[in-house]
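Take the sequences, apply the hints, and build the full model.
Quick mapping for you: the protein sequence lines, in order, are chains A and B.
Sequential numbering from 1 applies to the first sequence in this note's numbering.
Sequential numbering from 1 applies to the second sequence in this note's numbering.
Hints are computed from structural coordinates only; laboratory data are not their basis.
Any given hint could be a false lead.
When the alpha-carbon atoms are kept at most 20 angstroms apart in a straight line, the in silico DMTMM-like pairs for lysine to aspartate or glutamate are as follows [what the hints assert, rightly or not]: (1) A/K79 to B/E115; (2) B/K109 to A/E52; (3) B/K109 to A/D99; (4) A/K79 to B/E35.
Covered by chain B, according to a simulated footprint, are these stretches of chain A (three or more residues, beta-carbon under 8 angstroms) [as the list claims (entries may be wrong)]: (5) 12-23; (6) 28-37; (7) 42-55.
Just so it is clear, CB atoms sit at the ideal spot from N, CA and C, and this is done for glycine as well.
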Amino acid sequence: MQAFAIAVLALGAANAVLLAVLIWRRVRLGERARRRAELERQLRPAVLAFLEGEGELPATAGVREQEVLADLLGGYARKLRGPALTRIAHTFNELGTVDRETRAMAGARKPWRRAAAAHRLGDIGSSWLEPALVAALADPDRGVRSAAARSLGKLGGAGAVEPLLAAAAVGAVPQALVGWALLSIGPPALPALRRLLVSENDLERAGAVRMIGLLGDASDGEAVAARLRDTSAGVRAAAAQALERLGGPRDFDAVLAALEDRVPAVRRAAADALGRLRDRRALEPLLRCAETDLFDVAQAAARAAAAIDLEAASSAAAAGARPHLAEAVDLAGLA
Amino acid sequence: VSAERTPRILVADDEEDVRELIVYRLSRSGYDVVEARDGEEAFRLAVDDVPDLAVLDVMMPRLDGYELTRRLRAEPATSRVPIILLTARTQEADVSQGFEAGADDYLKKPFSPDELVARVRAVLGRR
Numbered sequence: 001m002q003a004f005a006i007a008v009l010a011l012g013a014a015n016a017v018l019l020a021v022l023i024w025r026r027v028r029l030g031e032r033a034r035r036r037a038e039l040e041r042q043l044r045p046a047v048l049a050f051l052e053g054e055g056e057l058p059a060t061a062g063v064r065e066q067e068v069l070a071d072l073l074g075g076y077a078r079k080l081r082g083p084a085l086t087r088i089a090h091t092f093n094e095l096g097t098v099d100r101e102t103r104a105m106a107g108a109r110k111p112w113r114r115a116a117a118a119h120r121l122g123d124i125g126s127s128w129l130e131p132a133l134v135a136a137l138a139d140p141d142r143g144v145r146s147a148a149a150r151s152l153g154k155l156g157g158a159g160a161v162e163p164l165l166a167a168a169a170v171g172a173v174p175q176a177l178v179g180w181a182l183l184s185i186g187p188p189a190l191p192a193l194r195r196l197l198v199s200e201n202d203l204e205r206a207g208a209v210r211m212i213g214l215l216g217d218a219s220d221g222e223a224v225a226a227r228l229r230d231t232s233a234g235v236r237a238a239a240a241q242a243l244e245r246l247g248g249p250r251d252f253d254a255v256l257a258a259l260e261d262r263v264p265a266v267r268r269a270a271a272d273a274l275g276r277l278r279d280r281r282a283l284e285p286l287l288r289c290a291e292t293d294l295f296d297v298a299q300a301a302a303r304a305a306a307a308i309d310l311e312a313a314s315s316a317a318a319a320g321a322r323p324h325l326a327e328a329v330d331l332a333g334l335a
Numbered sequence: 001v002s003a004e005r006t007p008r009i010l011v012a013d014d015e016e017d018v019r020e021l022i023v024y025r026l027s028r029s030g031y032d033v034v035e036a037r038d039g040e041e042a043f044r045l046a047v048d049d050v051p052d053l054a055v056l057d058v059m060m061p062r063l064d065g066y067e068l069t070r071r072l073r074a075e076p077a078t079s080r081v082p083i084i085l086l087t088a089r090t091q092e093a094d095v096s097q098g099f100e101a102g103a104d105d106y107l108k109k110p111f112s113p114d115e116l117v118a119r120v121r122a123v124l125g126r127r
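Below is the structure:
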């Protein structure tokens, strides 16, 4: 009985201590947030004047003040272009922030510190940081690699294209993030992407094809259409998808041939592309494909056929039990 | 816009740092600026005291920039107020949506404050 009472008391005491620690921590975090907000309020007028070229930044002695100032400038760097952004980049360099954050990204013991540094460096907005950020794509921590990929996209240097796709190919960085980064780089990424069309790595080729499909133009159609004969089904499917946007009349035969690919994902992408190309020669193959058993492929083929010739698709749907065609005709009628 | 009176510009953006920067820049450029934190506040301010021009963020809580533009156009007092939309959404469809709602101009984020002032001057000069 006595042991039970002691256990209850010990448990109660432990709970009280835990509660006290939580309250203390909450108060401390609140106090820190309040001090930070106050610092931001004090520094902001000077930052605004500086961004407009009307004054110097205030001299900041403490690390905390420097961090708040860097975050304020970094926040504006994400939202501004032109001379104001150039002023921010020069300032970060002169303040030594670039050096400090570059060292932190490469050597800080804690992953969150390396990731925060990688993120901050992207907001500084200067291309000379590209090599350091590319090196961070090999960091053992995924958060750091992702922050580096995001920053490379933000800086917009074409030199980052190949390392980014290589990182996505080995799963070091999420594909969607690399896609965002490459779209941020924009058309300057195209020369490197075109070189990667013949990479030895399947995933790099597929990534390059996908991004050319988004960033390229009709002049890329021929090179992308050639990837419809790639040994990798992933590359072939990506090529068919890319041709949905890039493809022109010259690419028709290659896309039509992909409708017979042994991999359903490629056939489906080819059907989508044929629907966009709107060449009547694809109508009969698409109608045949719409009767096949694979749901996705048949549905895509039916919609493509309806896009090319609604009347013919409607007649074919009425001629037999062809649910995908009937659905596609109904949807086209609603559009 | 009268030559004697300082043009009055309504700035609506829920991002405080962007709003403050725009207010600072336009004020330094000689405009009388009023600011709103969301679409509803902007609509109320615009109806209470009709501005000479409005700079509206598209992505705002309560009332987005497109809907706010439509409401300002539907209100007799504000139907002719020039509107510049400011947004990170720059797909072709987004731009079309802004003009269809009744906007006079469109500026994408990240933006240059100098460009914003140039657009403000151009739009005010057209009226």
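Return the numbers of the hints above that this structure violates; sort them in rising order. 3, 5, 6
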